[in-house]
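Using the sequences and the hints, build the whole thing.
Number of protein chains: 2
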Amino acid sequence: MGYVLRNCDFALTWVNEELRILRKVDVAIEDGLITNVGNIGSTDLEEINCSGHAVIPGIVNAHTHTPMSLLRGFFDDAELTLWLDRMWTVERELGPDVIALGSELSIIEMIMSGTTSFIDMYHNPDVTADIALRYGLRAALGPTFIDTLRDPTQVENELRNFVNRFRGSRLVVPIINVHSIYAVNKDTLLRAKDLSNELNLPIQIHVSETRDEVYKVKREYGVFPVEYLNSLGLVSSKVQLIHLGWITNWELGIIAGANARVTHAPTSNMKLATAGHFPMRELMDMGVLVTLGTDGPASNNSLDMFREMKMAVLLQRHSYWDVGIKAVHAFKAATLNGYRLLGIDGGCIDKGCVADLVLLDLSSPRLQPVRDDNLLSNIVYSVDGSDVSTVIVNGRIIYDRDRDYYALRDRAVKIGEELNDFIQRFL
Amino acid sequence: MGYVLRNCDFALTWVNEELRILRKVDVAIEDGLITNVGNIGSTDLEEINCSGHAVIPGIVNAHTHTPMSLLRGFFDDAELTLWLDRMWTVERELGPDVIALGSELSIIEMIMSGTTSFIDMYHNPDVTADIALRYGLRAALGPTFIDTLRDPTQVENELRNFVNRFRGSRLVVPIINVHSIYAVNKDTLLRAKDLSNELNLPIQIHVSETRDEVYKVKREYGVFPVEYLNSLGLVSSKVQLIHLGWITNWELGIIAGANARVTHAPTSNMKLATAGHFPMRELMDMGVLVTLGTDGPASNNSLDMFREMKMAVLLQRHSYWDVGIKAVHAFKAATLNGYRLLGIDGGCIDKGCVADLVLLDLSSPRLQPVRDDNLLSNIVYSVDGSDVSTVIVNGRIIYDRDRDYYALRDRAVKIGEELNDFIQRFL
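If you read the protein sequences in the order shown, they are chains A and B.
Its first residue numbered 411, the first sequence is counted upward by one per residue in my numbering.
Its first residue numbered 411, the second sequence is counted upward by one per residue in my numbering.
Be aware that a few hints might be false.
Heads up, the list lumps identical chains together, so a pair's fine if it works in one copy or across two of them.
[Stated by the list, open to error] Mimicking DSSO-like on lysine-lysine, the simulated pairs with C-alpha atoms at most 30 Å apart in a straight line are: (1) K628 <-> K648; (2) K628 <-> K824; (3) K434 <-> K824; (4) K596 <-> K648; (5) K648 <-> K736; (6) K626 <-> K736; (7) K761 <-> K628; (8) K824 <-> K736; (9) K626 <-> K596; (10) K648 <-> K626.
If you're looking for bench data, these hints aren't it; they were derived computationally from the structure.
Take a look at the structure:
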């Protein structure tokens with residue numbers, strides 16, 4: 411069982427870290443993998459006519475809080491600390507049924523805008539994982555340590571159950587979530603590290619998002635946040651550090667030396683006015699794996715990774731006062747680097763890569779004119795999610811605009827109505 | 411001849427400078443004006459079913475260079491000075507036929523993403539005006555003084571002809587364009603001012619976009635750019651100042667004192683790495699009319715004003731390190747303030763306002779959940795242009811997604827192919 415993507419106008423892939431644009435190619439997919447790229451003769455595989463389309467590697471949203479679409483636009487005009495406090499007021503009341511609605515809504519939005527994988531931090535990850543599996547989307551997730559809301563022993567138990575249930579899944583990658591230094595105590599951080607070692611799981615954590623956080627950590631522990639995590643053994647190749655808007659030069663050295671992974675979430679940082687600067691160029695120059703995330707739909711308020719790629723380039727250029735960060739860097743962060751972070755051979759269109767792919771319909775007026783030399787620009791700066799015509803994950807077509815658009819839209823509207831019934835009491 | 415927009419889920423308008431959201435209303439349009447808003451009984455007007463939609467005021471793109479879609483993605487990764495130089499290399503070779511293609515492509519993109527009026531700076535404005543009229547879009551434009559490319563006497567003659575041709579048009583508003591202090595000499599600036607007085611026309615000019623510009627003006631004239639313009643009588647209620655990324659406190663005072671108008675173009679500033687800060691809050695606090703523009707499609711690379719509204723909020727929050735600039739400010743800049751800049755009673759949904767309106771289809775998953783309290787957030791932070799279902803300008807439906815989408819798309823693709831034939835020689 412498989413497909414031939416026949417006669418793609420363009421295919422974008424990575425060869426030795428460089429972007430390569432292929433013209434008029436076919437891509438064969440079998441058993442979840444790309445098995446051939448080039449001019450492919452007739453096969454027994456199902457044919458998909460890709461004329462007028464570009465095929466690009468799957469896109470990884472490296473940091474989000476999927477269920478939070480339920481809070482989209484709920485309390486938009488606050489800075490982080492106040493905003494989080496308000497979010498938590500609602501989040502204390504959430505049951506799995508409401509979380510399921512939020513996650514399903516976000517998964518619909520992600521699929522329709524070309525995301526093939528997401529890394530999630532929230533409660534009830536089993537609920538979100540089940541929905542991701544139902545829709546065929548790849549997801550890395552797990553329970554979240556956040557002492558302000560949850561007992562850590564309970565979270566540990568959930569984690570063990572979650573791992574037992576999903577270890578070996580083709581689409582679900584278990585991870586350990588730790589909200590932040592400020593939302594857990596030292597014992598919980600050490601517990602997370604021990605669990606990471608014992609169960610061989612990656613950890614993601616928000617770090618150095620605000621000046622206030624840096625100030626408080628420095629005052630309490632005498633060191634900067636990344637130094638503090640490092641002192642506990644929590645900066646390593648198994649750790650994904652999110653935000654990093656306020657870090658020192660020597661913290662960059664710690665991150666690079668430990669081969670830790672980092673994620674930039676520019677829109678959310680701007681919307682919550684955390685200011686600061688994610689030092690993307692220094693991180694890249696030091697060889698650190700840089701990825702991109704939308705953050706949650708309550709602080710973005712979109713899950714469209716094309717918009718996030720553009721935002722990353724724009725914000726970096728604004729911060730550096732130069733054009734050193736280019737479209738290609740954002741595209742790499744969202745594709746190749748995203749799959750490296752997941753530990754999956756993907757984000758590329760080559761024999762042996764996992765068949766996570768997106769077809770872009772190039773006929774939209776906003777994408778004209780289109781040529782080899784401006785295709786990448788158009789993808790990063792002009793595409794929006796509605797140009798996505800087909801999404802393939804693990805060799806399976808999980809979204810076909812012609813087939814699925816109206817059904818998904820109607821389901822999303824229905825979910826929105828149910829969420830409003832829940833939200834009413836907090837207004 | 412007219413319409414009733416029947417049973418709109420929401421209508422957004424302005425009452426005494428405050429946003430007002432109306433529920434379940436009808437809007438009557440006759441002879442280019444809004445004639446009734448509320449629960450309207452049966453009429454002889456054509457009915458448009460607006461259930462599931464929000465009707466919002468028309469959106470003004472207050473600064474663009476319409477034909478430059480022909481250069482979309484052409485030379486993306488340069489800072490302003492180098493970028494302009496490369497643009498001008500191509501632009502010296504442009505004839506009206508190529509300009510027509512670029513303008514038509516941009517006008518298609520603007521209409522489809524909900525722009526009802528645009529203010530344009532380019533050559534051959536008669537060509538662009540004719541296309542705007544053909545599509546029914548409102549446009550303020552006129553020949554551009556730019557001594558580095560054009561003889562100013564020739565530009566003046568073109569201006570007089572342009573005014574003679576379009577004075578009194580219902581859709582075309584003649585203006586005087588002056589590229590910038592650095593692209594014209596003092597005589598040209600004075601000539602533009604005299605023409606503005608003689609012909610009673612507004613002027614738009616790029617000012618203080620880069621540090622380099624400020625530095626050069628200071629070195630050559632001993633004063634800052636706004637001071638220099640003011641010394642020539644070029645800061646007044648007839649002057650629209652674009653960019654203002656690098657201005658002093660006392661220049662803000664000059665602008666406010668003279669009641670000059672200003673336009674923020676955040677995406678373009680960020681993409682060209684001009685850095686700086688457009689002091690939106692101080693300008694608003696001083697009572698200055700603030701508007702928004704995408705700038706040209708070669709430096710954005712989108713003409714979607716919804717994206718620009720979001721970008722304005724995000725960049726301002728990032729710069730101020732607080733959330734003082736909110737969705738409502740961007741929405742006002744793009745609607746009510748845009749029409750004030752044009753000198754037209756629009757940007758509102760009230761009896762007597764010009765009937766420039768946009769219908770948003772609220773069924774997209776990215777807009778769920780939707781309620782009174784988060785509708786504006788969803789519009790500014792989550793809508794993209796493809797949520798626009800209907801665009802009405804001067805009481806006429808110039809875009810109906812169901813009726814026009816495929817024809818416009820196919821025309822845009824055709825234009826793209828013709829533009830590529832032209833661009834080839836510069837690659």
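Verification of the supplied hints:
1. When the C-alpha separation of K628 and K648 is checked against a cutoff of 30 Å, the pair qualifies only within one copy, where the shortest distance is 24 Å, while the shortest distance between copies is 53 Å.
2. When the C-alpha separation of K628 and K824 is checked against a cutoff of 30 Å, the pair qualifies neither within a copy, at 47 Å, nor between copies, at 60 Å.
3. Taking identical chains as interchangeable, the C-alpha atoms of K434 and K824 lie at most 30 Å apart only when they sit on different chains, with a minimum of 19 Å there against 41 Å within one chain.
4. In this assembly of identical chains, the alpha carbons of K596 and K648 lie at most 30 Å apart only when taken from the same copy (19 Å versus 62 Å across copies).
5. Only within a single protomer do K648 and K736 lie at most 30 Å apart by alpha-carbon distance; the minimum there is 28 Å, versus 38 Å between protomers.
6. Within a single copy, K626 and K736 get their C-alpha atoms only as close as 35 Å, which misses the 30 Å cut-off; across copies the closest is 28 Å, which meets it.
7. Proximity of K761 to K628 under the C-alpha cut-off of 30 Å is found in neither arrangement, the shortest distances being 49 Å within a copy and 59 Å between copies.
8. In this homomeric assembly, K824 and K736 come within 30 Å of each other (Cα to Cα) only across copies, at 29 Å, whereas the closest approach inside a single copy is 40 Å.
9. In this assembly of identical chains, the alpha carbons of K626 and K596 lie at most 30 Å apart only when taken from the same copy (14 Å versus 55 Å across copies).
10. In the homo-oligomer, the alpha carbons of K648 and K626 lie at most 30 Å apart inside one protomer (26 Å), although the nearest pairing across protomers, at 51 Å, exceeds that limit.
In terms of the numbered hints stated before, the structure departs from hints 2 and 7, listed from lowest to highest.
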